[in-house]
Every structure is written in structure tokens, then in C-alpha cells.
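Chemist: Chains as they are written, first to last, in numbering that gives the first Met the number 0: chain S, 0 to 401; chain R, 0 to 401; chain A, 0 to 381; chain P, 0 to 381.
If you are wondering where the hints come from, they were derived from the structure by calculation, not from laboratory data. Positions of the beta carbon are idealized from the N, C-alpha and C atoms, including for glycine. Accuracy of the hints is not assured; some may be wrong.
Unchecked claim - From the structure, some residues in chain A lie toward chain P, with a derived Cβ separation under 7 Å:
1) Phe275
2) Gln276
3) Val277
4) His280
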Amino acid sequence: MDLRFTEEERAFRRMVRDFIDRTLPDETRERMASGRTPTKAQWGWWHGKLHEQGWSVPDWAQEHGGPGWTPVQRYIFREELQQAPAPQPQQFGTMMVGPVIIAFGSEAQKSRFLPGIRSGKDWWCQGFSEPGAGSDLASLKTSARRVGEHYIVNGQKTWTTLAHWADWIFTLVRTDPNAKRKQEGIGFLLIDMKSPGITVRPIVTIDGEHEINEVFFDDVKVPVENMVGDETRGWDCAKFLLSNERTGQARVGMSKERIRRLKRIAAEAPSGGRPLIEDIRFRERLAAVEVELKALEITTMRVVAAEQKALGERKPDPASSLLKVKGSEILQSISALMVEAAGPYGLAAPMAAAPEGANEPEIVPDWAAMAQPIWMNWRKLSIYGGTNEIQRNIMAKAFLGL
Amino acid sequence: MDLRFTEEERAFRRMVRDFIDRTLPDETRERMASGRTPTKAQWGWWHGKLHEQGWSVPDWAQEHGGPGWTPVQRYIFREELQQAPAPQPQQFGTMMVGPVIIAFGSEAQKSRFLPGIRSGKDWWCQGFSEPGAGSDLASLKTSARRVGEHYIVNGQKTWTTLAHWADWIFTLVRTDPNAKRKQEGIGFLLIDMKSPGITVRPIVTIDGEHEINEVFFDDVKVPVENMVGDETRGWDCAKFLLSNERTGQARVGMSKERIRRLKRIAAEAPSGGRPLIEDIRFRERLAAVEVELKALEITTMRVVAAEQKALGERKPDPASSLLKVKGSEILQSISALMVEAAGPYGLAAPMAAAPEGANEPEIVPDWAAMAQPIWMNWRKLSIYGGTNEIQRNIMAKAFLGL
Amino acid sequence: MDFDLSEEQRLLRESLTRLLADRYGFEARKGYAREPEGWSRAMWAAYAELGLLGLPFAEAEGGYGGGAVETMLVAEALGEALTLEPWLATVVLGGGFLRHGARAERRAALVPAIARGSLLLAFASTEAQSRWDLHDVATTAKRDGDGWVLEGRKLVVLHGDVADRLVVTARSGGGRRDRAGIGVFLVDAKAPGLTRRGHRTNDGRRAAEVTLAGVRVAAEDVLGDPADGLPLIERVVDEAIAALAAEAVGVMVAAQKLTLDYLKMRKQFGVPIGSFQVLQHKAADVMMAIEQSRSMAMYAAMSLEEPDPLERGRAMSAVKAQIGRAAKFVAEETVQMHGGIGITMEYAVAHCMARLGAIEAMFGNAEFHLRRLAETGGLIPA
Amino acid sequence: MDFDLSEEQRLLRESLTRLLADRYGFEARKGYAREPEGWSRAMWAAYAELGLLGLPFAEAEGGYGGGAVETMLVAEALGEALTLEPWLATVVLGGGFLRHGARAERRAALVPAIARGSLLLAFASTEAQSRWDLHDVATTAKRDGDGWVLEGRKLVVLHGDVADRLVVTARSGGGRRDRAGIGVFLVDAKAPGLTRRGHRTNDGRRAAEVTLAGVRVAAEDVLGDPADGLPLIERVVDEAIAALAAEAVGVMVAAQKLTLDYLKMRKQFGVPIGSFQVLQHKAADVMMAIEQSRSMAMYAAMSLEEPDPLERGRAMSAVKAQIGRAAKFVAEETVQMHGGIGITMEYAVAHCMARLGAIEAMFGNAEFHLRRLAETGGLIPA
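Construct all of the structure, not just a fragment, from the sequences and the given hints.
Modeler: Structure below.
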């Protein structure tokens with residue numbers, strides 16, 4: 000038993016870090032450090048750089064253009080990106096639809112879609128959630144009726160992150176409304192976002208940002224060759240996809256980066272006439288989060304090590320729910336400490352959102368203005384991808400036998 | 000709207016406090032302050048003193064020998080006893096079976112049982128819970144079969160507090176095993192603890208104390224005149240009894256007394272070379288409990304004031320569940336702070352329980368040795384009388400309509 | 000002991016609740032928020048008509064003679080409707096300084112204008128280094144003949160962008176963090192040397208940065224003792240904390256109502272999600288947090304009569320600590336129970352969260368007040 | 000990175016688990032607890048046979064050459080069975096002082112006795128004023144020719160009632176709370192001037208008050224540098240914290256197993272109580288607390304190799320903070336899920352709570368270690 004990384008793994012980390020330091024533009028790094036999503040241009044450029052490096056699809060097998068990394072290397076790679084902070088490879092393509100196409104798609108689909116995902120030329124989004132479905136994904140209603148060589152798609156998806164940037168959407172659609180179980184009669188369909196009949200409506204979140212959308216399908220014609228696998232077995236693709244990412248949910252690197260940032264901020268922020276960091280109580284609260292995070296880091300590494308041993312196998316792991324719950328709770332705790340650090344200055348909204356524009360000098364530091372929006376917006380961490388309540392149900396039922 | 004007590008109420012409080020200060024023996028006060036139950040002799044003597052004063056049955060109407068106090072006066076009386084700390088009037092008689100006999104009993108039962116309850120001559124205990132029933136009280140199995148002028152009682156009760164001191168036990172017994180609903184066919188039966196066929200088996204709790212018992216009934220003969228009300232309507236008595244005490248569950252006076260004690264202790268207990276009370280973090284944690292307690296005190300007074308207005312009416316109040324939950328959580332928090340104050344000295348068990356006996360000087364202060372036993376034993380506060388989970392069910396269903 | 004409202008108090012609450020039910024639905028509120036000032040002048044006029052703007056002032060001076068209980072009732076109702084108007088800034092804070100600090104002639108001149116809605120005030124206290132310490136004042140006030148000259152910079156002055164006059168704290172003597180040597184000045188927003196930059200706040204309201212460069216204040220506009228204004232400031236801020244506590248209760252009640260409706264209406268796996276025990280218990284915990292907060296809002300109102308400022312300050316710290324913890328808990332849990340919709344701009348519960356977050360950031364958060372309470376010995380003597 | 004056990008490690012764990020399953024059921028344990036010393040000499044002999052008592056000592060000195068991982072495995076298994084024997088006191092604490100502080104000849108004389116079970120040790124450190132501060136030492140050590148003379152009083156010396164030798168901390172110089180000037184001495188329990196009063200502990204074990212009145216210690220029984228023993232003490236205590244963390248995981252696992260069985264077996268309202276969602280979520284929270292603690296127990300074992308004592312101390316504070324919080328949570332929730340039966344002596348889960356409470360009280364509780372971690376800068380550099 001040895002928790003330390005091997006010399007090769009440490010060298011790999013240095014290589015990744017060097018590349019990021021050399022390559023990542025300051026503006027991208029700063030934008031991400033402020034807690035904002037990178038711009039499409041920033042993200043696209045960065046994905047392209049990773050692609051040049053052969054790193055844009057870290058989890059794919061080499062035969063499909065992946066780098067052939069071990070689970071530990073993939074963990075290190077993602078952690079380094081989070082800690083920079085740098086954008087991850089565009090996730091909807093590389094982590095979601097890509098692996099599904101590889102596992103379930105035809106050769107034609109592979110050669111048609113995989114290159115655009117690797118290069119980042121094609122932006123993807125995910126059409127799973129529907130209004131009224133929430134965590135009960137399988138109760139979806141969007142229909143795909145086969146007419147000749149096309150499906151006619153009607154319905155509505157929601158919570159569609161970055162749909163307004165996307166070239167393609169992968170969807171779950173009901174192909175057989177008469178199927179016995181609601182998980183049956185569902186297809187996994189790839190749809191060109193430029194198809195006539197698609198409307199994207201922005202949803203603005205309480206932090207004032209537009210990142211999610213509703214997507215409406217009104218008699219949208221989709222060629223049958225865009226169906227991945229059997230048109231009634233899309234639920235298999237969905238389950239595969241959802242069980243795919245296990246350790247990323249812990250977001251250990253991201254939490255580390257936020258804590259570092261918070262410590263630097265607290266060294267400047269005033270409290271009782273001194274820097275906030277000199278308040279032992281604040282430090283204790285921060286230390287409590289660091290302890291939880293250290294435990295989560297090791298729990299994550301236990302899962303990574305288990306994956307390393309069971310290469311190729313793919314089985315659900317009780318840890319993935321734990322990683323999701325703890326990872327989100329830790330980030331939410333950090334966001335609350337950031338609000339604490341901001342104090343009264345956190346009342347001010349970020350300048351960019353103010354009608355006065357961003358050219359004038361800041362009234363309060365940007366991090367302080369961003370603290371409350373992030374606190375509010377990060378409630379999503381315990382909501383999406385299966386709420387933390389659903390995760391606890393899973394742990395109790397699947398692993399404790401209750 | 001005025002949160003302050005009236006001049007009459009303040010005078011009443013002074014009178015009660017003066018009486019306690021004059022009358023309560025130091026040993027009784029100290030024993031209670033240490034967190035222990037008073038001895039039977041201490042408690043009986045004190046109940047007798049309250050009886051002489053006309054105060055032993057504070058909640059009873061004057062016609063039955065009660066003092067005729069308002070809800071506010073009763074609140075003040077109990078709070079003063081808790082703060083002293085002094086024993087309450089023996090609760091199983093005065094607060095539980097007494098009011099049931101008054102409301103449902105025959106005249107013969109009233110004249111037979113009420114005097115002994117008032118004077119404290121008769122000790123009572125409660126035979127409701129059964130093994131396997133828990134919070135699902137109505138699933139009880141102890142049977143009472145009528146044979147001529149007697150019931151023959153068979154079965155087992157458990158968690159019977161102070162059964163080993165009791166002269167009488169009031170029980171819920173199943174009189175009609177064929178009743179349609181499990182709440183039907185239950186009788187409320189008074190049983191002499193000296194009856195042949197009764198066996199009391201002690202249950203020792205993790206703090207080493209013997210306070211609760213199992214009570215076994217083996218063909219116990221009970222005269223029919225000991226049945227209170229209709230032999231199939233005992234559930235009405237039980238419901239009446241359980242809804243009786245609403246504000247006492249908050250135990251505000253007891254929490255105040257524990258906090259005062261904790262502050263005095265922390266002024267002596269060492270921490271980092273100084274008294275613990277100088278540790279701002281400890282004071283903050285204590286202050287957080289004081290804040291919750293202040294809120295609970297006012298919430299309790301809101302309920303008392305509502306009772307004052309609705310004199311005579313008797314309806315369930317959402318607040319009683321809240322008072323129970325918050326009251327128990329606060330006392331449990333205080334017990335945890337006491338453990339914190341005890342530090343490593345809390346490892347030592349109380350001397351009285353040690354085979355060496357209590358004659359030697361203390362190795363660690365008694366409060367420190369008692370801290371962990373109380374922390375453990377007080378888990379009962381969120382368990383008995385309907386667990387805190389049950390209380391939350393009640394709040395959600397009865398008052399939030401979920 | 001008596002928790003009943005008087006007939007007048009009940010009437011006040013009912014008429015305000017009716018007004019807000021009629022004219023401050025969530026859709027109407029969206030419209031008010033889009034107005035240039037971020038709130039509704041029309042509603043302001045309606046408040047004036049109802050007597051809310053003159054509420055706490057003596058009748059002799061043009062007010063309605065309301066006390067702490069009336070303020071509590073109004074603040075709770077304004078909170079439950081998530082109103083945007085500068086009532087706290089103008090009536091509670093600005094008005095409080097006039098009531099406790101201004102000379103009678105000055106009050107006679109200004110109170111009627113407040114009461115009829117034509118005078119807006121704001122409290123300019125926070126500075127770049129002060130955080131929540133009311134005594135940490137770097138802005139200076141120098142004697143200049145009869146009057147004073149102010150220099151300094153104030154941040155997040157709530158509704159400072161529209162206020163006609165600003166109540167400004169400034170140091171007339173002593174070191175930056177001394178308790179003595181602080182004065183309070185009523186400054187015309189159009190005074191030469193005063194510049195403002197308005198900005199949005201994170202709860203969808205507006206505030207301003209206020210820069211004072213050689214701003215002259217006349218002697219009649221000094222509020223209280225210019226060399227010892229901190230007790231005045233603390234008194235008014237304690238009144239504001241009491242009002243904020245009541246407002247927070249209102250906001251929490253709004254979030255609770257939305258959530259209970261949602262739990263009953265929204266189905267998942269074929270049943271209303273309110274049938275899930277875990278959500279039922281969360282809802283019970285929310286209810287308890289609100290009831291405990293309501294008790295503390297009452298305690299706050301009652302404690303304003305406490306003559307000893309230290310005692311009053313302890314009580315207010317207890318109140319703000321309770322409110323702050325409950326607000327954070329209720330905000331997080333009601334949003335969580337809503338799922339994704341809970342953090343969208345389109346849905347009211349997110350705005351409840353934003354407002355509760357803002358209340359927590361005003362006049363000291365729960366940690367700040369727990370510390371203050373602990374430092375001053377807590378509520379229960381040993 | 001590798002979480003696998005070696006073949007030997009797996010074997011050690013399996014044989015110990017089998018022994019405890021056979022001979023340390025809850026009923027057997029009740030019998031051991033009733034023995035005069037409060038634990039079982041027979042089991043002690045069985046541990047010796049299995050190699051547990053010589054585990055961490057070098058093979059050359061009569062031990063088995065086990066490391067931190069072996070200690071972790073053994074401690075967890077001993078914890079899960081709620082064993083009562085003085086393994087921590089003798090092997091981890093006493094043994095640790097011998098390993099890191101004793102001269103080779105001394106070790107050669109004592110280690111074989113420990114390994115075969117004929118020598119019991121205990122660590123006498125806590126004093127009436129010290130709380131958990133290892134450097135707060137009022138007991139004095141004065142030079143006397145070649146040797147030393149000790150004066151002082153030690154409290155809650157775990158298993159000090161039966162130990163053959165006591166490892167005593169005493170001040171050879173400096174002020175009561177100075178970090179320098181502390182020595183560590185191996186004292187024969189029968190030495191003239193040493194008196195003991197045994198007593199029960201709240202987790203059903205035993206400890207002693209130890210009074211030292213002119214107790215002479217020979218030069219060969221000085222452990223480490225008599226003028227600078229604190230680094231030695233901290234090192235051994237860090238090892239004890241690592242062992243306690245693993246033991247706590249074992250106890251928590253035991254409480255969890257009891258609870259899961261109970262939730263599945265116990266019916267209420269006609270269904271197993273484990274079907275109630277609120278209890279399912281509590282059980283999930285307990286599981287998470289345990290998994291996170293297990294990770295930290297591993298982190299502890301690994302961190303013992305850390306050469307920088309400050310770094311190692313930070314890690315151990317993080318470990319003890321996590322374990323302490325989790326232990327309290329798991330103890331309280333597993334008892335709560337049992338209801339009344341959970342706090343009776345007759346049922347094992349109450350004994351889990353008692354032991355977890357005791358672990359929290361040893362070598363600093365969660366608050367103590369969070370403070371220490373915060374004071375030394377936390378785990379993540381800015």
C-alpha cells in the first residue's frame with residue numbers, strides 16, 4: 000500500500016503542468032479563476048491546443064485517437080487542468096457522446112463524428128432532461144416518429160447547457176410510446192442543431208449568467224443514420240454514459256484551486272482591522288474544509304487505483320455517489336467561505352453585469368462581487384447529474400441493501 | 000404585543016424561587032446539578048414539600064386539588080424548578096395518569112387514586128412501550144382477558160422508567176384482539192405493582208445507571224374497577240395523555256441551568272494554559288447554543304400565551320413537535336460542549352461507579368467524569384416520547400400538509 | 000406576556016398585505032425591477048398613502064407614531080413580497096438618524112417630506128477597510144467655521160444612487176478604529192464635491208459608491224454629537240437589524256410557501272415529491288428555522304426598548320446570528336428542494352435566496368455577531 | 000499509487016479477524032470486561048502468539064518488523080471487535096517510546112518480553128492542568144547522580160493500573176509550558192514512591208492516577224534526550240493517533256453493521272424501518288463518514304513516513320479532526336437509528352459509542368486538532 004505517485008506519474012504531472020503554464024493564455028486562466036465559464040473562443044482555442052498535443056480525448060482508447068493513458072494519468076491530467084485553472088476538453092463531445100459512439104455507434108458514425116469531437120470543431124450539447132422529468136429521466140416525452148428515412152422529432156428538452164454554442168445535440172427520444180417499461184422504446188439520436196424546427200430559448204440563472212437553455216423540437220427531420228444503436232435501446236447508451244465519469248465528480252483539483260485562491264484573498268480582505276486570514280476562526284473553518292477535501296482526495300485515489308486494476312471492466316462503484324455528494328458539498332462550503340470573506344462588499348454585483356460597463360475601475364474587488372452569485376449558482380452542484388438526495392438513495396439501496 | 004412578564008407574574012416567580020431556595024436540600028440540588036436522577040428518598044421528600052405547599056399538581060384544576068394557576072404561572076413554576084435545579088413533581092402520577100383519571104375515570108377511581116398522586120405517597124410508572132413496538136405504540140400485544148370481575152393480564156412492557164420504585168403502573172392492554180383497527184380494542188388499565196405475576200427486570204443504560212426496566216405480566220389478576228373508561232377506548236386516554244404536555248418538552252429552564260453550570264466549569268477547566276472560557280471559539284460555540292435557546296424560549300412563550308388565551312380548549316399544536324425537537328437538540332449540544340470542556344479528564348468514569356468507592360478524593364472533577372455518560376444517555380432525549388424523526392413526520396404531515 | 004396585535008396593528012398589516020397581493024405579484028415585481036431606479040415610484044406613493052413612510056415618526060412631526068412592533072409587521076410584509084423600494088434605507092435607517100439625532104427644527108422640516116414620499120435617504124457607512132465595524136471610519140470631517148468639510152469614500156451605500164440626502168459617518172477626531180471621534184452628517188446628494196457611481200447589487204437592487212471630496216456640511220446637518228456619534232449609529236443600526244430580522248422572516252415565509260406548493264404539485268416517479276420523507280423532514284426543518292427566527296424577530300422588536308446599549312447590542316447580535324444562520328439554511332434548502340428551476344431568474348425562490356444572502360451581508364453576518372455576542376459574555380450569565 | 004495489501008498483510012488481517020470472530024463475540028467480551036483487570040489475559044496470550052505484541056519491533060530485536068500499514072490493519076480489526084486489551088498502551092505507545100527513544104541494549108532486554116506478552120506498558124503524560132498539551136508538564140525530573148528523581152501526578156494513565164512499567168514525561172528544565180526541557184522516563188511500576196489508584200473509564204476500560212513522590216529512575220531508563228524529549232513524544236503520539244484512527248474506523252464499521260442489520264430486521268408500522276427514506280439517507284451519511292475516515296486512516300499510516308515533523312503533525316491533526324467529527328456523527332446517528340435499545344449496556348452499539356467518545360478524548364479532540372491545523376497553516380499552501 001502506497002499513497003504516493005510513482006516517479007513516472009510525477010514526471011507526467013510535471014509535463015502536463017509545464018504544458019499548461021507555457022500554453023494557457025492569462026485571460027483564460029483569470030476568467031476561470033473568477034468562477035466564470037470561459038468564452039466560446041477561449042475554450043475552443045484551448046481545446047485545439049490540447050488536440051494538437053494529442054490530449055483532447057484523454058479517456059479514449061488509442062485506436063480512436065486517445066493518448067492511451069492509465070486511469071492515474073487521466074486523474075492527474077484533469078486535476079492539473081482544474082488546478083491551473085484551465086478548461087477541460089469540451090465535455091459533451093469528449094466525455095459523453097464520444098464514448099457512446101465508440102461503444103454503440105456504427106463505423107460510419109465513428110468516422111463521421113469522432114474527428115470533429117477530437118478536434119473540437121463540433122460543439123455538442125446534451126438533450127436528456129425534460130420539463131417535469133428531473134431526476135426521473137426515463138419519464139421523457141420527446142418523440143421521434145419514423146417516417147421513411149427520417150425521424151420526425153417533437154418535444155422539449157431543458158437545462159441544456161451551452162445549447163446556444165452547440166453544432167449538435169445528442170438526445171434521448173421516445174421511439175415506441177407503447178413500450179411496457181418506461182425505460183424501453185427510447186432511442187439515442189444525434190441531431191444537427193441547424194435543423195429547421197429547433198428553437199433555443201435561454202434560461203438566465205440567478206447569477207445573471209446565460210449558460211443553460213430550453214431546446215424545442217417542432218417536426219424536426221433527422222436522418223435515420225443518426226440513430227446510435229437500436230432505436231429502442233437508447234436507455235443502454237444513457238446508462239453507459241451516466242456511469243462513465245466516476246472520479247471527475249469529486250472535482251478535487253478545482254476545490255484545491257478555490258482554496259488556494261481563498262487563502263490569497265483572505266490575506267488581503269479586511270476583518271477587525273487586520274487581514275481576515277489572521278482570524279483563527281476563519282482559518283479553522285477553512286481547515287475543516289481542507290480536511291474533508293484531503294479525505295476526498297484519498298477516497299478518489301482509491302477509486303482511481305481500483306479502476307487501474309480493473310482496466311476495461313466497467314461496473315458501478317458505490318464511490319461515485321460518494322464522490323459526487325462530498326465533492327459538491329465541499330465546493331459549496333468553499334463558496335460560503337468566499338461569501339464570508341466578501342463581507343458587505345459581496346452586496347455589489349459584478350461590474351460586467353452593471354449597465355455602467357466594465358471600463359470604470361472596480362468598486363469592490365471582482366472576487367467579492369462574484370462571491371454571492373457563485374454561492375447561489377453552485378447550488379446546482381448538488382442538483383444536476385442526479386441530486387444529492389438521489390445519490391443517497393443509490394448508496395442506501397445499491398450498496399447498503401436498504 | 001409584549002414579551003415581558005407582568006408584575007404579578009414576576010412576583011409569582013420570586014415567590015417560587017424563594018420557596019425553592021428556602022426548602023430544597025443542598026444534596027438534592029447538587030445531585031441534580033451533576034446530571035443524576037434524585038434518589039427516591041430525595042424526590043419523595045421534595046414532592047411532599049410541594050404537596051404541603053399545594054403545588055404538587057400544578058396543572059390540575061382547583062376542584063381536584065390543583066393550585067388553579069394560569070399556563071404562564073405553570074410555565075414559570077416548572078422553569079424555576081428546572082433552573083434550581085430541583086425535582087419536578089413526580090411526573091407519572093401528576094402529569095400523566097392523574098389527568099387521565101380526572102378526564103376519563105369514575106368518581107370512585109378519582110377518590111381512590113388522586114389523593115395518593117397529589118401527596119406523592121403512590122409512585123406510578125408508565126406501561127405503554129413494548130418490545131417491537133417503539134414509536135408504533137398502537138401495535139401493542141400485552142393482553143387483558145376478562146374473567147368474571149377481573150382481567151387476566153399477560154405480556155411485556157419495556158423502557159419502563161422507575162418501575163422499580165413504582166407502587167402502580169398504568170398500562171395500555173389489548174382487550175379485543177379482533178378489533179378492526181389496531182387502535183381499537185385497547186384498554187387503559189391501572190395495575191398494582193405488588194400483584195402476583197409481575198416481574199421487573201432492570202435495564203442498565205450505557206451510563207451505568209439503572210432507571211429503566213422491563214416489566215413482565217404473567218397471568219396477573221386485575222380487578223375490573225381498575226379499567227379507566229370503556230375497556231375498548233383506552234387509545235383515547237393515550238392520545239389525551241400524549242397531547243397533554245406541550246411546553247414542558249422544551250426544557251428551557253433545564254438548558255439555562257446547564258449553560259450556567261457549563262460557564263462556571265469553563266472558568267476553571269484548563270485549555271492551552273488558560274481557563275477554557277477565555278477561548279473565544281468555545282465561547283462562540285456556547286453563544287450559538289444560547290441563541291437557539293433564546294429563540295426556543297420565546298417560541299415556548301408564544302405557545303404558553305396561546306394556551307393562556309385558549310383556556311380549556313385542547314387541540315394539538317404544531318409547536319409541540321418543534322419544542323420537543325429543538326429542546327432535545329439544544330440539551331444534546333450542551334452535553335457535547337460539556338464533553339469538550341472535560342477534555343481528556345472525561346475519560347475517567349464517575350467515582351461512585353468505581354469499585355474503589357466514593358470515599359477517596361476525586362481523581363478528576365465529578366462533572367468531567369459525568370460528561371461522557373450524560374452525552375451518551377441524553378441521546379434518549381431525541382428518542383423517547385416519539386423520536387425526533389416521528390416529530391418531523393408529524394410537522395410535515397399535520398402542519399405542512401405534505 | 001402578550002403576543003396579540005392591537006386593532007390598529009392588525010389593520011396596518013392587513014391593508015399592506017392586501018396592497019402587496021394586488022400590486023406586487025412576481026410578474027409585477029419583474030416590471031418594477033426593470034425601471035431605471037430598480038424599483039417602483041408608484042408603489043412608493045402607495046406606501047406613502049398607507050402611512051408606511053412616516054410610520055416611525057412622532058405624530059406631532061408629521062409621522063404616524065408607530066413603534067418597533069409596527070416596523071416589524073411592515074418589514075415582514077415587505078419581505079414576503081420581495082419588495083424593492085428603499086423603505087429600509089429611507090425610513091428605518093435615514094429616519095432613525097433623524098429621530099434619534101436631528102434637532103427638532105430639522106425633523107420638522109424633513110419628516111413630512113419623507114412621509115409623503117418626496118425625500119429619499121441612504122446611509123453611507125461602509126468603507127474599503129471597515130468591513131462591518133461601524134467604528135472603523137477613515138472618512139474625515141474637519142471643522143470649517145460653523146460647519147464641516149468631509150473627505151473620503153463610502154462603498155455599497157444601499158439606494159445611495161437615488162437618495163436625496165445621505166447620512167454619512169466621518170471621523171472628527173481620534174484614530175481610524177477608535178470608538179470616540181466619529182460624527183454623523185446629513186449631506187445633500189447634490190453637494191459640490193460629492194460624486195456617486197450607482198451599481199447593481201446581487202439581490203437585484205441598487206447601491207452606490209460615494210466619494211466625498213471637500214464636501215461642506217452646515218452645522219444644522221450634524222446629527223447627534225459630532226465627536227461621539229457611535230452610540231447614535233449603533234442605536235439606529237440595531238433598529239435596522241430588528242427590521243431586517245422581520246424582513247428575513249417574510250422572505251423565508253415566501254420561500255417556504257413556494258416550496259410547499261412545489262412539493263405538492265411537482266411529480267416524480269409518479270408521485271408528488273412532497274411524499275418523499277427526506278423532503279418532508281427538510282420542510283419540517285425549514286419550518287422550525289422560520290418559527291425560531293420569528294421568535295427572534297419579536298425578541299428584536301421588544302429589545303429595542305432596552306435602555307442599556309450593551310444589553311441591547313447583545314440581544315441584536317443574538318438576533319442577527321439566528322437570522323443569518325436560518326436565512327442561509329432556508330435559502331439553500333428551499334432552492335435544493337426545487338431542483339434546477341430553483342436557481343433560475345424566472346422563478347421567485349431564487350430571488351428569495353438572493354435577498355436572504357444580502358440580508359446576511361448587511362450589518363454583520365452570523366459569524367460576526369456570534370463573535371460579538373461571545374466577546375460580550377453571551378445571553379446567560381454564569 | 001497502490002492500495003493493495005501484500006500477501007503477509009492479508010494473512011495477518013485474516014488470521015486476526017478469524018481469531019476475533021471465534022473468541023471475541025459480544026457475549027465473550029462481556030466476560031472479559033468482568034475480569035478483574037477489565038480485559039482478557041488469555042486473549043493477550045493469543046495476540047502474542049499471532050505476533051501482534053511484537054508487531055512493530057525490528058526482527059533483530061525480537062519483533063516482527065511490521066510497519067504503519069500493519070499497525071493500521073491490526074488496530075482496525077481490534078476496533079471492530081471492541082477489544083479491551085492494552086495493545087495501544089503497551090505496543091503502540093510504550094513500544095513506540097522504546098523503538099524511537101531507548102538504547103539498543105534496553106530494547107534488546109525489553110522487546111522480547113513485550114512480544115511474548117509478559118511486559119505491559121502505559122504512557123503517563125496527562126496532568127491536572129495540561130489538558131491535551133503534551134508540552135504542559137509540571138511533573139519534575141531532577142538529576143540525582145547518574146539517575147533522576149521524579150515528582151508529580153499523572154491522570155487517566157490508560158491501563159496504568161496493570162502496567163509493569165510506565166513511560167512518564169517530566170520536566171528537567173524550563174517553565175511549565177516550555178517546549179524545551181521535557182524528558183521521558185521509563186519507570187518501574189513498583190518503584191518506591193510510586194503509587195497508583197486504578198479506576199474505570201467511561202468506555203468500560205481501566206486507567207490509573209499515578210503519583211510520583213521521589214521516584215528514582217536509573218540513567219539507562221531515560222528515553223531520548225532528557226532535556227529535549229518533546230520531538231520523541233510527538234512522534235510516538237502521532238503513531239498513536241494513526242493507530243487510533245484505524246481503530247476508530249473499525250469501531251465505526253462495527254456500529255454500521257449493527258445498524259444495517261437492525262434497520263433490515265426491525266419492523267415498525269408493518270415494514271422494516273430501513274425502508275424509511277430518512278433512515279436510508281442517514282445510513283448513507285454514515286457510510287460516507289466511514290469511507291472518508293478510512294481514507295484518512297490510510298493517510299495517517301502513510302504520513303508517518305514523512306520526515307518533517309511539522310508536516311507530519313499537520314497531517315495527524317487533519318486525521319484526528321476528521322476521525323473525531325466522523326466518530327461523533329457515527330456514534331450519535333447509529334444510536335439514534337436504534338432507538339432506545341441503542342443506549343443500553345446490553346447492546347453492542349452503545350459500547351461503540353462509548354469507545355468512539357473515548358477515542359475523541361484521547362490526544363486532542365477534533366476542535367483541538369482543527370485549531371492546531373489552522374494555526375500551522377492548513378494542508379494547502381496559498
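Chemist: Honestly, which of those hints from before does the structure not fit?
Modeler: Violated: none.
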